[in-house]
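When you line the sequence shown up against my numbering, it's residues 63 to 590, in that order.
A hint or two may mislead.
Here are the computed lysine-lysine pairs in the DSS-like style, where the Cα-Cα straight-line distance is at most 30 angstroms [to be verified]:
(1) 442 x 469
(2) 418 x 445
(3) 518 x 478
(4) 478 x 514
(5) 271 x 469
(6) 135 x 261
(7) 445 x 433
(8) 248 x 101
(9) 271 x 433
(10) 101 x 149
(11) 239 x 190
(12) 101 x 239
(13) 203 x 261
(14) 418 x 376
(15) 135 x 146
(16) 267 x 281
Here are the in silico distance ranges between beta carbons for each label pair [as the list claims (entries may be wrong)]:
(17) 462 x 307: 34 to 40 angstroms
(18) 428 x 165: 54 to 60 angstroms
(19) 172 x 283: 28 to 34 angstroms
(20) 216 x 466: 37 to 43 angstroms
To be clear, the hints were calculated from the coordinates, so they are not data collected in a lab.
Here a beta-carbon is modelled for each residue, glycine too, at the ideal position from N, C-alpha and C.
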Amino acid sequence: MLPVAIGVLAPVLAGCGDSGSGDGGGKPIVVGTTDAYEKSAEAPAPLDPAYAYDSALWNVLRQTVQSLVRIPKGGGQPQPDAAKSCKWVGSGGTVYTCEMRDGLQFPDGTGITSKDVKYSIQRVLDIKDPNGAVGLLSGIKTMDTPDEKHITFHLSSPDATLPYKLATPVAGIVQKKFYPPKSLRKGYVLDGSGPYTLKAETNSKAMTKVQFTKNPKYKGSLTVKNNRVDLVSYAGAPALGDALEAGKIDVMTGKFDPSQVETLLDNPPEHIQFMEMPGLETHYIIFDTSNAATSKPVRQAVAQLVDRGEIASKVYSPVAEPLYSLVPAAISGHTNSFFNRYGNPNVAKAKTILEKAGITTPVKFDMYYSKEHYGPAKEKEYKLIQKQLNDSGLFDVSLKDVADWTKYRKDGMDGKYPAYTMAWAPDFPDADNYIAPFLDADNFLNSPYNSKEIRKTLIPAERRGSDRGEATPDLEKIQDIVADDVPVVPMWQGKQYIGARDDITGVEWSLSTSTDLQLWELARGVGD
63 MLPVAIGVLA PVLAGCGDSG SGDGGGKPIV VGTTDAYEKS AEAPAPLDPA YAYDSALWNV
123 LRQTVQSLVR IPKGGGQPQP DAAKSCKWVG SGGTVYTCEM RDGLQFPDGT GITSKDVKYS
183 IQRVLDIKDP NGAVGLLSGI KTMDTPDEKH ITFHLSSPDA TLPYKLATPV AGIVQKKFYP
243 PKSLRKGYVL DGSGPYTLKA ETNSKAMTKV QFTKNPKYKG SLTVKNNRVD LVSYAGAPAL
303 GDALEAGKID VMTGKFDPSQ VETLLDNPPE HIQFMEMPGL ETHYIIFDTS NAATSKPVRQ
363 AVAQLVDRGE IASKVYSPVA EPLYSLVPAA ISGHTNSFFN RYGNPNVAKA KTILEKAGIT
423 TPVKFDMYYS KEHYGPAKEK EYKLIQKQLN DSGLFDVSLK DVADWTKYRK DGMDGKYPAY
483 TMAWAPDFPD ADNYIAPFLD ADNFLNSPYN SKEIRKTLIP AERRGSDRGE ATPDLEKIQD
543 IVADDVPVVP MWQGKQYIGA RDDITGVEWS LSTSTDLQLW ELARGVGD
């Protein structure tokens with residue numbers, strides 16, 4: 063999914079009085095964020111599971127919409143939530159069945175059956191919104207509901223990652239009377255059977271506050287440790303820093319300006335611990351492979367010249383580290399394919415690549431980014447990339463900043479940018495989710511790049527085994543092909559940070575490595 067990037071994604075969990083435990087009263091825990099929740103003519107249904115596909119919106123959906131299964135707070139194999147149990151049938155890896163829990167209800171008291179699950183998933187497949195996460199479910203060929211308690215998924219080909227995909231909000235269970243079968247539900251409304259109900263406050267163009275109230279009808283595997291959490295949108299990260307300095311914030315997590323992180327690591331405010339946590343967010347240069355200005359030799363020359371270490375140290379230190387593959391380090395199946403292929407930055411090697419292809423230098427093309435969306439550090443990054451390329455004498459790259467994020471996304475998908483920046487946070491922590499969303503037929507970039515070997519042979523092969531370690535050879539070959547074809551250039555991998563006052567518990571579980579907010583873990587008082 064699309065993350066909110068550096069200096070933009072900065073959810074701050076702010077306490078305002080007693081939060082209460084799962085069985086007590088008190089004032090809500092307030093979560094401050096610089097995330098934007100805007101709707102427009104191009105994005106009229108930001109909270110519809112068939113449309114939403116960025117970390118900010120998914121973090122709203124995860125609190126309110128229930129799926130058959132969920133990722134446990136410590137990671138690992140998906141566990142039942144709306145389901146009582148799920149299992150693979152047979153050895154072919156194409157049949158997966160679930161039995162529903164008893165007593166599931168929508169907020170209005172209507173009972174939930176397996177037919178609601180089928181309706182919700184089929185609706186996503188039928189709407190097939192290009193902005194949404196439909197690609198995660200595209201391997202489902204048919205669904206059977208022999209009774210109200212059971213649903214069986216039949217896949218077009220083996221896919222051991224299906225349980226992970228069913229744990230995402232795109233597979234969330236929705237109510238037919240509110241969610242039409244062929245169209246999106248517009249506005250800032252959301253009804254689900256998850257741990258919280260939702261009430262939104264809005265202005266003329268955006269959702270400014272989300273009130274999550276503990277759902278008394280929730281039946282699932284989660285223990286909700288507070289009665290209410292309010293998610294409030296702020297104008298920017300500096301306001302959150304001011305709130306921290308003023309002692310108004312209980313817990314803070316997110317992505318801040320690197321200088322803020324250094325200050326908080328070296329000298330955290332009194333009664334606050336500020337800690338570094340693993341992160342799986344990744345940043346890339348994306349190429350339009352059908353554009354003559356960014357042909358394969360040009361892309362290879364760019365990959366040969368960019369200095370990720372300089373970017374990580376001069377722009378993002380200490381919040382990032384260089385990335386040399388689609389798949390980040392710490393994910394099983396990762397290999398440093400770009401470093402293995404290109405090594406350290408080398409002007410002579412880049413020149414040879416272009417000369418052998420008969421390409422006249424300097425090569426000219428425009429490179430796009432969005433400072434408004436990704437923050438000022440992204441502008442610094444791309445000015446440094448521009449300098450690295452142009453100082454070689456082989457390129458004459460111009461930069462274009464696009465303020466409107468909706469336009470930026472649409473134009474990128476429509477092939478209007480020869481090269482542009484994009485970031486990714488995983489839908490689930492598996493190497494497949496760093497590969498298929500970029501390279502498969504229903505990719506989120508709408509990229510013209512099509513490796514038949516990857517799509518027809520290697521992706522199906524790596525998905526066959528439930529033991530993900532067995533997929534490593536196929537995953538590594540995919541990464542090696544990408545390093546040769548260069549539809550993208552991996553740049554850096556982000557880290558996460560979290561700070562907490564000493565009276566807040568559950569903070570270590572409130573944010574996963576995949577940037578998923580798990581607000582039900584937060585409470586005030588003595589921890590377990």
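Handout entry: Violated hints - listed by number, lowest first
Key = Failing hints, ascending: 10, 13, 14, 16, 19.
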